[in-house]
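Residues in the sequence shown are numbered consecutively from 185, following the working numbering.
Quick caveat, the hints were computed from the structure, so don't treat them as lab data.
Treat each hint with caution, since some may be false.
Said to hold, decoys possible - Taking lysine to aspartate or glutamate and the EDC-like style, the derived pairs with C-alpha atoms no more than 16 Å apart in a straight line are:
#	residue 1	residue 2
1	K737	D748
2	K498	D602
3	K737	D785
4	K652	D602
5	K737	D780
6	K425	D410
7	K737	E769
8	K737	D767
9	K498	D487
10	K656	D748
11	K425	E377
12	K652	D748
Claimed, not checked - Okay, the calculated beta carbon distance ranges per label pair:
#	residue 1	residue 2	range
13	D250	G887	30 to 38 Å
14	S718	G889	47 to 55 Å
15	G655	R945	47 to 55 Å
16	R323	R746	55 to 63 Å
17	D322	L492	28 to 36 Å
18	P921	D785	36 to 44 Å
19	Q526	T442	48 to 56 Å
20	R632	R497	34 to 42 Å
21	H893	A555	26 to 34 Å
22	K521	R907	19 to 27 Å
23	L734	G438	58 to 66 Å
On a predicted model such as this, the values are computed, not experimentally measured, just so you know.
Note that CB positions come from ideal geometry on N, CA and C, so glycine has one too.
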Amino acid sequence: MSARTWLVRRLLGRLRIDDDTIRHLSTFQRLGEHLEIQAPGEMLPIGARTVFRALRTRAASQTGTDWVWPYWLRRQIDPSSPAFVPRGHLPFLSNVTSRNWTMIGNRGSAREAVVDPRGLVSPWHDAWSLDWWIGAEDRWHVPADEANVRQSLLGDSPVVETRMRVPGGDIIHRAYVIQATAADGGEELVVVEIENDSAVPVALALGIRPYNAEGLAVIERIGLHDTTVTVDGRVAMLLPKPPNAVAASTFHDGDCATQVFAGETQTSFPDDLRDEAGMAQAAFVYPLPHRQTLRVALPLAPDPRTRLVGRARKRVRDAPRFPQALPSAEQVANGWKTHTDQGMRLVLPDERLQSAVDANRRYLLLFHDGADVTPGPRTYNRFWFRDAAYLLAALDRYGFHTEAREVLASFPDRQHADGFFFSQRLEWDANGAALWALAHHWDLTRDRELLDEVVTSVAGGVQWIDRKRRGKRRDDPALRGLLPAGISAEHLGPHDYFYWDDFWALAGLRDGARMLRAAGEDEAADRAASFLESMTTDVRASMALTADRLGTKAVPAGPRRRIDPGVIGSLAAVWPLQLLGADDEAMQATLDVVRDRFCIDEAFYQGISHTGLGTYLTLQVAFVELLAGDRRALDRLDWFLSAATPTWTWPEAIHPRVAGGCMGDGHHGWAAAELLSFVRTMLVHETSDGLALASMIPTSWYGQGVEVHDAPTRFGLLSFAIRWHGERPAILWELEPHDPDVAVVLTCPGLDPAWRSTEARGEALLDAPPDAPAPAAVPGPDQGDSFD
185 MSARTWLVRR
195 LLGRLRIDDD
205 TIRHLSTFQR
215 LGEHLEIQAP
225 GEMLPIGART
235 VFRALRTRAA
245 SQTGTDWVWP
255 YWLRRQIDPS
265 SPAFVPRGHL
275 PFLSNVTSRN
285 WTMIGNRGSA
295 REAVVDPRGL
305 VSPWHDAWSL
315 DWWIGAEDRW
325 HVPADEANVR
335 QSLLGDSPVV
345 ETRMRVPGGD
355 IIHRAYVIQA
365 TAADGGEELV
375 VVEIENDSAV
385 PVALALGIRP
395 YNAEGLAVIE
405 RIGLHDTTVT
415 VDGRVAMLLP
425 KPPNAVAAST
435 FHDGDCATQV
445 FAGETQTSFP
455 DDLRDEAGMA
465 QAAFVYPLPH
475 RQTLRVALPL
485 APDPRTRLVG
495 RARKRVRDAP
505 RFPQALPSAE
515 QVANGWKTHT
525 DQGMRLVLPD
535 ERLQSAVDAN
545 RRYLLLFHDG
555 ADVTPGPRTY
565 NRFWFRDAAY
575 LLAALDRYGF
585 HTEAREVLAS
595 FPDRQHADGF
605 FFSQRLEWDA
615 NGAALWALAH
625 HWDLTRDREL
635 LDEVVTSVAG
645 GVQWIDRKRR
655 GKRRDDPALR
665 GLLPAGISAE
675 HLGPHDYFYW
685 DDFWALAGLR
695 DGARMLRAAG
705 EDEAADRAAS
715 FLESMTTDVR
725 ASMALTADRL
735 GTKAVPAGPR
745 RRIDPGVIGS
755 LAAVWPLQLL
765 GADDEAMQAT
775 LDVVRDRFCI
785 DEAFYQGISH
795 TGLGTYLTLQ
805 VAFVELLAGD
815 RRALDRLDWF
825 LSAATPTWTW
835 PEAIHPRVAG
845 GCMGDGHHGW
855 AAAELLSFVR
865 TMLVHETSDG
875 LALASMIPTS
885 WYGQGVEVHD
895 APTRFGLLSF
905 AIRWHGERPA
915 ILWELEPHDP
925 DVAVVLTCPG
935 LDPAWRSTEA
945 RGEALLDAPP
955 DAPAPAAVPG
965 PDQGDSFD
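With the hints as constraints, model all of the structure from the sequences given.
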């Protein structure tokens, strides 16, 4: 027994935790591999926040039965709802049925607000929210309860519109973010506007609520100072005029919504509203005549917390008043269209897919946070190399090179002295992900200046991979030459030896060698190539031993695992890494087992961690099918689009029965990035000697035009269009090559597999595609050297 184990047992014994309980804990990590070092401390704050928030949420909701709770919570505690979740002996209550929200923000800003499916706006991370209730002729209407609430985007931009039907017409709630003018303080503001589009006047109540889309928040104090509302001493809301009536309460005094609905509001706000339980709430009531609009502004960046009365008062004195001029929601939506009138633009005959692409091109710019790129505005609002690789690839594929470059230029500062690209401990896929993302940017942009800036980091990252996999002698021949056991993608399961990490490392070595060669570092490139050859031999040997052990060529999550849902990670060798072709025997066997055992209809069901229908994981399957010429890929795309929220967002995983988000961030960047990359790959992708155009398109597109403008590719900037002459498609193209002396072979396998051209520009009339096309092999992606 180690000294640390002895100390832990002594401490738990003093807390009257018996040895049987300790055995549950001590054997837990043995479900995977023993950790050689401690678990990632970077995740402890996220885990602690989640647990303690869930404790408070259960405690408050089970006694506050008369409260107006958020949409997700009302459904989870309602035994008549299909989203009801029994709690049993578990002391926790968290959102596991409707993890769906939409981020709004400004381009280039590191802050985003989120809007839930019923218009609940949360401007700050893990903090209060602004709700809205409407007093109509018949009763008060609460969006969290009403069935006739509809949500959409205005102009496929980050302007969220929520409509609620009341007698006489709709009340329309819109939320968006602006940058205030210098005269108005220059802050970023969330604008919430409520429009009465009905024929009768209504009453509007704006509620400061101690919860958000993930659980309870803590509000101890609320103040109203003329037209400035403060929460815990921080300026929270700017009102256009004093409210006509107010209501305020604490947890033990009950929900202030009860006062509003009963008509028991006050004309003045309490001087000192405090709640030691952290459940203070307030409502501000206004008349809203028909065809009129009321706007309020919420500062997006909160001040630091303070309990000093003098400092809080100074903040109120210094707070900007309600802005003199606010852009309308339509103006902001039009501004977003201007922002994204660059890079790769698509004109598609499918209106649904067109909207999804347009919206997510704009969301992609919100996931970009300056030198960071994050996979979510809330749960996953931090940087990981793994998620960054997918997001940066999508940014580059759609021509947002400046944003991608800003993040990639920060990679050397994130690298440890030993060459490890660090975002958290035990993340052994990080170096491969970092090198792959850098190489992808180089391929599409030929950004020599950035290559020169990072070449030293590339060399260090390559050497780290080789040292790390050789760092400890292992007796098991299936583990020799692999990276150590670690914790990378959570959907692979408990800490273990993962082929996922090794595949990313191989791609990193391959791409690192290419970048070093391009930078003129031939000696370093030769070393990287030798590292690649050696590791390829070891990985191949391990896969062969594992295949013999399991009696199948399907590649499990790791050499010591059986076939479980973590097998999905092995498909990364085909996409996005392109180490193996989609027709590789092991990859086909892996794809078959995924489809046969772990799919529910078109969707991949991830029973590890996510316990839901995987969004980006379903597209992982679709990518391999697309590259294999299997038209089932389009069925998975159709499922993916049908699973989107009305605002074109996806959570990490979806509840198989109630269809709401059940895992991860409710607006997931990896899912958004993979949608964009999948559509790009359908329309244009690199082959070993050129570009495949329209590799696979739905037959419903036949006879309709398709346009691709300014698509960055490894061979240069490509634009093309498809037109039709009766049953025969015509293609017009123009390629601005990186190297005019290199012949680039253009093909169009989805429409006419026989057509080829090496002209940089031209037009051609293709043969008519069959009415019901059979699966045709797509020219394989560039295989690289690793597994060729």
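Hint by hint, here is what the structure shows:
1. Our distance criterion of 16 Å between C-alpha atoms is met by K737 and D748, whose separation comes to about 14 Å.
2. For the hint pairing K498 with D602, the CA-to-CA distance comes to about 48 Å; that exceeds 16 Å, so the pair is violated.
3. For the suggested pair K737 and D785, the alpha carbons sit about 24 Å apart, so the restraint of at most 16 Å is broken.
4. As the CA atoms of K652 and D602 are separated by approximately 10 Å, the hinted pair is consistent with the 16 Å bound.
5. Restraint check for K737 and D780: satisfied, since their Cα atoms lie roughly 15 Å apart, inside the 16 Å limit.
6. As the CA atoms of K425 and D410 are separated by approximately 8 Å, the hinted pair is consistent with the 16 Å bound.
7. Proximity of K737 to E769 is assessed by CA-CA distance (about 7 Å); at most 16 Å being required, the pair is judged to hold.
8. A hinted pair counts as satisfied when its Cα atoms are at most 16 Å apart, and K737 with D767 qualifies at roughly 13 Å.
9. With a C-alpha separation of about 12 Å, the suggested pair K498 and D487 falls inside the 16 Å cut-off, and the hint holds.
10. For a cut-off of 16 Å, the pair hint linking K656 to D748 is broken: about 27 Å separates their Cα positions.
11. Between K425 and E377 the alpha-carbon distance is near 14 Å, which keeps this suggested pair within the 16 Å criterion.
12. About 27 Å separates the Cα atoms of K652 and D748, which puts this hinted pair outside 16 Å; it is violated.
13. A hinted range of 30 to 38 Å is violated for the C-beta pair D250 and G887, which are about 59 Å apart.
14. Between S718 and G889, the C-beta spacing of about 50 Å keeps the proposed range 47 to 55 Å intact.
15. Taking 47 to 55 Å as the suggested C-beta distance range, the pair G655 and R945 conforms, at roughly 52 Å.
16. The beta-carbon spacing between R323 and R746, approximately 57 Å, falls within the hinted interval of 55 to 63 Å.
17. The given range of 28 to 36 Å is broken by D322 and L492, whose C-beta atoms sit roughly 47 Å from each other.
18. The hint said 36 to 44 Å for the Cβ distance between P921 and D785, and at roughly 43 Å that hint holds.
19. Separation of Q526 from T442 is about 51 Å and conforms to the stated range, judged on CB atoms against 48 to 56 Å.
20. Between R632 and R497 the C-beta distance comes to about 55 Å, which lies outside the given range of 34 to 42 Å.
21. Between H893 and A555 the beta carbons are some 29 Å apart, a value that agrees with the proposed interval 26 to 34 Å.
22. At about 25 Å, the beta-carbon gap between K521 and R907 stays in the expected band of 19 to 27 Å.
23. The hinted window of 58 to 66 Å between L734 and G438 holds, with their beta carbons roughly 60 Å apart.
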